[in-house]
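Novice: Sequence:
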Amino acid sequence: MNFKHDLVECLYPALNGQLERKQIVKMIEKPKFEQQGDMAFPCFELAKIYRKSPNDIALAIVEKINSPIFEKVEAVGGYVNVFLNRKDVSSKVVKEVLLQKEQYGNLNLGKNEVITIDFSSPNIAKPFSMGHLRSTVIGHSLALIAEKYGYSPIRINHLGDWGTQFGKLIVAYKMWGDEKKLKEAPIKELLTLYVKFHEEAEKTPELNDEGRAWFKRLENGDEEARHLWEWFRDESLKEFTKIYDLLGIHFDSYHGEAFYNDKMERVVQMIEDRGLLEESQGAMVVQLSAEELPPCLITKKDGTTLYATRDLAAALYRKENYHFTESLYVVGHEQSLHFKQLFAVLKKMGFPWHEGMAHVPFGMILKDGKKMSTRKGKVVLLEEVLEEAIQLAREDILKKNPNLVAKEEVAHQVGVGAIIFHDLKNFRLNDIEFSLEDMLRFEGETGPYVQYTHARAASLLRKGNYQEDKERMIGDKEAWPIITALMSLPDVIKRSYEQYDPSQIAKFLLDLSKAFNKYYASVRILDDSEQKQARLSLVYSVKIVLKEGLRLLGMAAPEEM
RNA sequence: GUCCCAGUAGCUCAGCAGGAUAGAGCAACAGUUUCCUAAACUGUAGGUCGGGGGUUCGAAUCCCUCCUGGGACGCCA
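Under our numbering, the first residue of the first sequence carries the number 229, and numbering increases by one thereafter.
These are computed hints drawn from the structure, not numbers from a lab. Nothing here was measured: the structure is a model prediction, and the numbers come from that model. There's no promise every hint is true.
Calculated cross-link-like contacts (lysine-lysine; reagent style PhoX-like; alpha-carbon spacing at most 25 Å) [what the hints assert, rightly or not]:
1) K760 / K653
2) K232 / K250
3) K409 / K466
4) K705 / K300
5) K254 / K300
6) K329 / K705
7) K470 / K408
8) K705 / K323
9) K691 / K742
10) K315 / K698
11) K528 / K575
12) K746 / K653
13) K705 / K760
Go ahead and model the full structure; you've got the sequences and the hints to work with.
Specialist: Here you go:
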């Protein structure tokens with residue numbers, strides 16, 4: 229179903245070898261307006277070669293093209309505009325979707341090779357905030373898209389369960405903590421302690437040293453420290469699991485930073501063996517001046533490790549255990565420098581596989597134009613936002629479809645879907661100003677809009693008593709925008725993986741939904757007994773693709789809503 | 001100060017391996033339901049594509065420069 233290929237085969241001989249097939253492929257474009265056809269070939273560049281006007285060249289090319297798949301070929305303003313035979317193409321596309329069902333759009337490009345995706349990775353003892361939502365939702369979708377692309381993804385939740393923060397937290401707990409309070413509302417109490425610590429440390433900076441000292445005790449296996457740490461960790465994980473269940477996300481590994489404690493010595497040794505480790509101001513570093521990067525800190529002056537060390541150990545562990553061809557890190561854009569350094573060190577260590585590693589950055593969620601800071605207690609809790617969205621969906625269902633049976637299930641699907649889609653529809657790197665109002669919007673370019681379109685299609689199939697029939701195909705002119713959208717899915721999958729960009733899927737779903745709703749408004753699908761089944765075939769193919777697209781974003785597709 | 005991202009309609013954003021008339025959604029205004037779910041559809045209005053140079057037959061898209069916002073720059077992650 230690659231009609232571009234057909235066009236290339238017509239153009240290549242028509243140009244007498246002036247251009248390679250590859251060049252022609254690159255030049256073919258999609259016209260902006262429907263009256264300009266389905267594909268276009270610009271002749272401006274050829275004007276120099278032939279010393280003729282672009283339009284004369286276009287006219288000459290038109291003369292030489294002759295293919296049954298093209299209904300009309302015309303020269304307009306220096307372009308060769310090609311119109312596909314819509315009836316034939318429509319039949320082919322719908323038939324293809326019905327044959328392949330949810331497999332439609334599957335690509336074989338990943339060759340089943342393993343890729344690891346490090347995402348979500350919340351910090352223990354801190355609430356799951358809106359900020360973590362981005363990594364979670366983008367990473368989850370990327371894993372699904374990778375599968376569709378043909379890869380075999382390993383989902384890794386690299387929990388932030390180690391680091392000086394725990395020393396600080398232990399200090400805070402010992403000074404102001406209350407066991408009873410902590411047991412009642414662990415995360416809330418831990419956050420209070422964390423915020424208080426940073427407030428106090430502003431006045432008494434020595435507290436920071438105490439925090440570092442306690443962290444060193446933790447790293448050395450001190451029993452009291454260890455015990456507190458385990459307690460904090462367990463309580464936090466319980467909270468996170470609630471959120472993941474709500475979002476329908478699972479991981480293949482929860483190995484966090486602490487998991488690499490006993491694997492760091494080896495890494496430090498490896499760096500040293502290669503002669504890369506240097507002392508600098510009391511700390512041990514790898515110099516990266518040749519790469520025009522600041523040095524990468526490996527150990528602090530007190531001998532304890534840093535996150536870079538753990539990330540190095542993790543990278544090695546993942547390569548040795550999963551044998552990945554690509555390794556992705558879905559982490560905020562503010563850590564770009566860290567990943568550049570990390571990859572540079574791996575390169576210096578002589579690991580050619582550093583080339584398969586990539587940081588997938590994303591913009592921040594801002595409050596009043598500024599970064600939200602846990603330290604100052606300025607966080608918005610994800611769980612609360614999700615609950616509000618679900619509540620709003622409940623209310624809408626009562627208003628709009630009070631007879632719906634699975635009210636609670638659908639309210640969850642729609643509420644959560646709205647939040648996920650709101651996050652994924654825009655380009656990753658854009659910062660997002662936190663706005664509950666925007667997230668809770670269910671009309672226009674939103675998740676619920678796409679889900680609603682799917683439910684509409686499902687309803688038609690039920691009411692129309694659809695019998696699957698791959699041979700009876702529509703001839704409606706109004707259906708063409710739907711066909712072109714359906715046709716584009718494989719390309720969209722390819723682009724969205726290669727650019728690590730789920731928003732392409734979201735935009736595709738909006739296009740398809742808009743095309744379908746327009747069709748729905750202008751064609752009475754169930755009225756014409758003659759064409760009903762053929763039209764329902766189109767409806768069914770739309771339903772299949774919408775559902776699959778929503779799945780790739782991590783969203784459910786309710787049959788009714 | 002250095003480096004990284006972003007600047008398109010009142011707001012939120014698409015478009016950016018250069019191409020034909022710069023598009024959506026929201027908000028505003030005007031319509032569509034005896035009819036398949038109105039979470040929908042139709043129409044009106046709204047733009048010096050941050051400014052200035054350059055490359056090109058052609059620039060929102062590529063290059064340079066400046067301005068604005070955000071972020072990162074050694075013992076947090």
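Novice: Is the Cα-Cα distance between K691 and K742 25 Å or less?
Specialist: With a Cα-Cα distance of about 22 Å, the restraint between K691 and K742 holds, given a limit of 25 Å.
Novice: K409 and K466 were given as a pair; does the straight-line alpha-carbon distance stay at or below 25 Å?
Specialist: holds (17 Å)
Novice: Between K528 and K575, is the straight-line Cα distance small enough, at 25 Å or below?
Specialist: holds (22 Å)
Novice: Given the hint that K470 pairs with K408, test it: the Cα-Cα distance must not exceed 25 Å.
Specialist: Roughly 22 Å between the alpha carbons, so the hint for K470 and K408 holds.
Novice: Keeping to a limit of 25 Å between CA atoms, is the pair of K705 and K300 held or broken?
Specialist: Holds, because 16 Å separates the two Cα atoms, which is no more than 25 Å.
Novice: Holds or violated: are the alpha carbons of K705 and K760 at most 25 Å from each other?
Specialist: Holds, at roughly 15 Å.
Novice: Regarding the pair K705 and K323, is the alpha-carbon distance no greater than 25 Å?
Specialist: holds (17 Å)
Novice: Keeping to a limit of 25 Å between CA atoms, is the pair of K232 and K250 held or broken?
Specialist: holds (12 Å)
Novice: Hint check: K329 vs K705, CA-CA at most 25 Å. Holds or violated?
Specialist: holds (24 Å)
Novice: Given the hinted pair K746 and K653, is their Cα-Cα distance within 25 Å?
Specialist: Holds. K746 to K653 sits at ~21 Å (cutoff 25 Å).
Novice: Can you confirm whether the C-alpha distance between K315 and K698 stays at or below 25 Å?
Specialist: holds (14 Å)
Novice: Taking only the CA atoms, is the gap from K254 to K300 under or equal to 25 Å?
Specialist: Measuring from Cα to Cα gives roughly 22 Å; hence the hint holds.
Checked against the numbered hints above, the structure violates only hint 1.
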